[in-house]
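Just so you know, the protein sequences line up as chains P and E, in that order.
The first sequence begins at 1 in this note's numbering and counts up one residue at a time.
The second sequence begins at 1 in this note's numbering and counts up one residue at a time.
Think of the hints as simulated: they come from the structure by calculation, not from any bench.
Some clues are possibly wrong.
What the hints assert, rightly or not - Computed cross-link-like contacts, BS3-like style, restricted to lysine-lysine with a CA-CA straight-line distance of at most 25 Å: (1) P:K372 x E:K54; (2) P:K96 x P:K22; (3) P:K83 x E:K73; (4) P:K447 x P:K371; (5) P:K395 x E:K73; (6) P:K251 x P:K379; (7) E:K21 x P:K80; (8) E:K21 x P:K400; (9) P:K251 x E:K21.
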Amino acid sequence: MELYHLTIHEVLEKIRKKEVSKQEVLQTTVDRIKDIDYHIGAYLYVNKKFHMNDGELSGISMSIKDNICTKNISTTCASKILKNFIPPYDATVVDKLYENGCILVGKTNMDEFGMGSSTENSSFHITKNPWNLDYVPGGSSGGSAASIASSQAYFSLGSDTGGSIRQPSAFCGLVGLKPTYGLVSRYGLIAYASSLDQIGPITKDVEDCAIVLNHIAGYDRKDSTSFKYRKIDYTKELRKDIKGIKIGIIKEYMNESMDAYVKKSFFDACKKLESLGAIVEEVSIPHVKYSLPTYEIISSSECSSNLSRFDGIRYGVRRSKDLLNDLFTSTRSQGFGEEVKRKILLGTFFLTADSYEEYYERALKVRTLIKKDFDEAFKRFDAMICPTSPTLPFKIGQRKNIIDKYIQDTYTVAANLAGIPAISIPCGCRENLFVGLQIMGKAFDEKTILNISYAFEQIHDYHKKRPNWR
Amino acid sequence: MNIDDIAALSKIKLSEYEKEKMIDDFNRTIDFVDKLKEVNVDKVAPTYHILHIKNVYREDKILPSMKQDEVLKNAPEKNNGYFQVPKMME
Chain P
1 MELYHLTIHE
11 VLEKIRKKEV
21 SKQEVLQTTV
31 DRIKDIDYHI
41 GAYLYVNKKF
51 HMNDGELSGI
61 SMSIKDNICT
71 KNISTTCASK
81 ILKNFIPPYD
91 ATVVDKLYEN
101 GCILVGKTNM
111 DEFGMGSSTE
121 NSSFHITKNP
131 WNLDYVPGGS
141 SGGSAASIAS
151 SQAYFSLGSD
161 TGGSIRQPSA
171 FCGLVGLKPT
181 YGLVSRYGLI
191 AYASSLDQIG
201 PITKDVEDCA
211 IVLNHIAGYD
221 RKDSTSFKYR
231 KIDYTKELRK
241 DIKGIKIGII
251 KEYMNESMDA
261 YVKKSFFDAC
271 KKLESLGAIV
281 EEVSIPHVKY
291 SLPTYEIISS
301 SECSSNLSRF
311 DGIRYGVRRS
321 KDLLNDLFTS
331 TRSQGFGEEV
341 KRKILLGTFF
351 LTADSYEEYY
361 ERALKVRTLI
371 KKDFDEAFKR
381 FDAMICPTSP
391 TLPFKIGQRK
401 NIIDKYIQDT
411 YTVAANLAGI
421 PAISIPCGCR
431 ENLFVGLQIM
441 GKAFDEKTIL
451 NISYAFEQIH
461 DYHKKRPNWR
Chain E
1 MNIDDIAALS
11 KIKLSEYEKE
21 KMIDDFNRTI
31 DFVDKLKEVN
41 VDKVAPTYHI
51 LHIKNVYRED
61 KILPSMKQDE
71 VLKNAPEKNN
81 GYFQVPKMME
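Please build the complete structure, drawing on both the sequences and the hints.
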């Protein structure tokens, strides 16, 4: 296999054995981007100046979603309003990865400000699914997923507000983890919905996911919502036997409309987990069927509040010079794309005095009920499973209807509402269209879902597949 | 609910066509989220935030912060160490 196709742990092994130099590893990624990104469009910015520290991940090239701040390197959120924004600081996660020797090769495309599930909402260009160029890579971290599926970096960091790491990972045949809320610092992540957003890794296999998580997890005084939790080595218990682990199939999700092949792949996966010794049973999370409307209200409301900072005063593109009010309105009207405007307006509506109680506060209460259901179920189960997306990847330009777009997030938003960790790993593939299996765990219990994922991965070969490019 | 009022509060001006589409999306979305009205939420406390972290304090010690020119680097207009804005009152 070509050097760029390898996983992080395989490359580190080769470097350790002196079979390849760190410089060669970097060069192979740089050349790869030059050769193929023209066809895929994973990157919004390709880095040219590299700096490599000595560290555990020294030599590993990474791509970073363009809503995570990188010092002196453009960070646009794929929005015209931040077209010229050059952050004067690094996000904590970026800082940590630099310190450990990772090299940033580029910033990846996304749905503007993270709002979307196909990366078609980028203000700059669309990204194609490396497995089939007629299809979307998913979103909003679609550029990140596409960059890894096409081996244009060894791992990527995405952000996940309602499925934005997991769904593109599922669509691109990769492993994507949304960690527990508070485990990974959000300092330097440009906020969309602060009580739901989390940064997490997108990788080629489960071991790589654990390696990256090891380096980004941890308390950060610059993020008041980051949590002081004991340090865990996530690679350590990957290989443990999963015999006796109790896994719940979320019953309510099985009633939702689901693609037939997704359903088949999912039930096959359940059987495989049983064959590995896990105890797989149905579990009821009664309020989970309300997660999509709850999510829509909370995410829009927080978005309208967070995005009020884009006013053309301190950063970003400024339009009009005359009156202050005019400056705000012109800047925002010309700077934001359609979906972002829709979310801001909706959120503004939900937060008006007349609707606050009826919508916003009610959604927060339903959120409490959803979280309670999960807490209750986790007393009897170690993990919950369901498909990552109810559909296979869809064709570019196919989803126009607003409700159709919501449906993408059916199975993913609950983990954000409850703040629990959730991972997507490949569990099916038909004609280069991948299906993801989502495994959700207890808060701060990433190690159990990684353990289950690893065991599942070993009896399949999805993680060894690479798209066939010339 | 009037879309023009909401747009004004959001400091966003919509074109007539945008407005048309927005009203359509709004109606569908409101229908969609109205499903929550069937849930009994009496005596349920709202969850604003999943971690119950309150008032995060730190020691009152001066730590390094960003330099003024770095903070101002991205400003569309600046003047003598300040962000420059249009005149606010006569």
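Results of checking the hints against the structure:
1. P:K372 x E:K54: holds (20 Å)
2. P:K96 x P:K22: holds (19 Å)
3. P:K83 x E:K73: holds (14 Å)
4. P:K447 x P:K371: holds (21 Å)
5. P:K395 x E:K73: violated (41 Å)
6. P:K251 x P:K379: Answer holds: P:K251 to P:K379 is near 17 Å, not above 25 Å.
7. E:K21 x P:K80: Distance ~21 Å between E:K21 and P:K80 Cα, so the pair holds.
8. E:K21 x P:K400: holds (12 Å)
9. P:K251 x E:K21: violated (36 Å)
Hints 5 and 9 from the earlier list are contradicted by this structure; the remaining hints agree with it.
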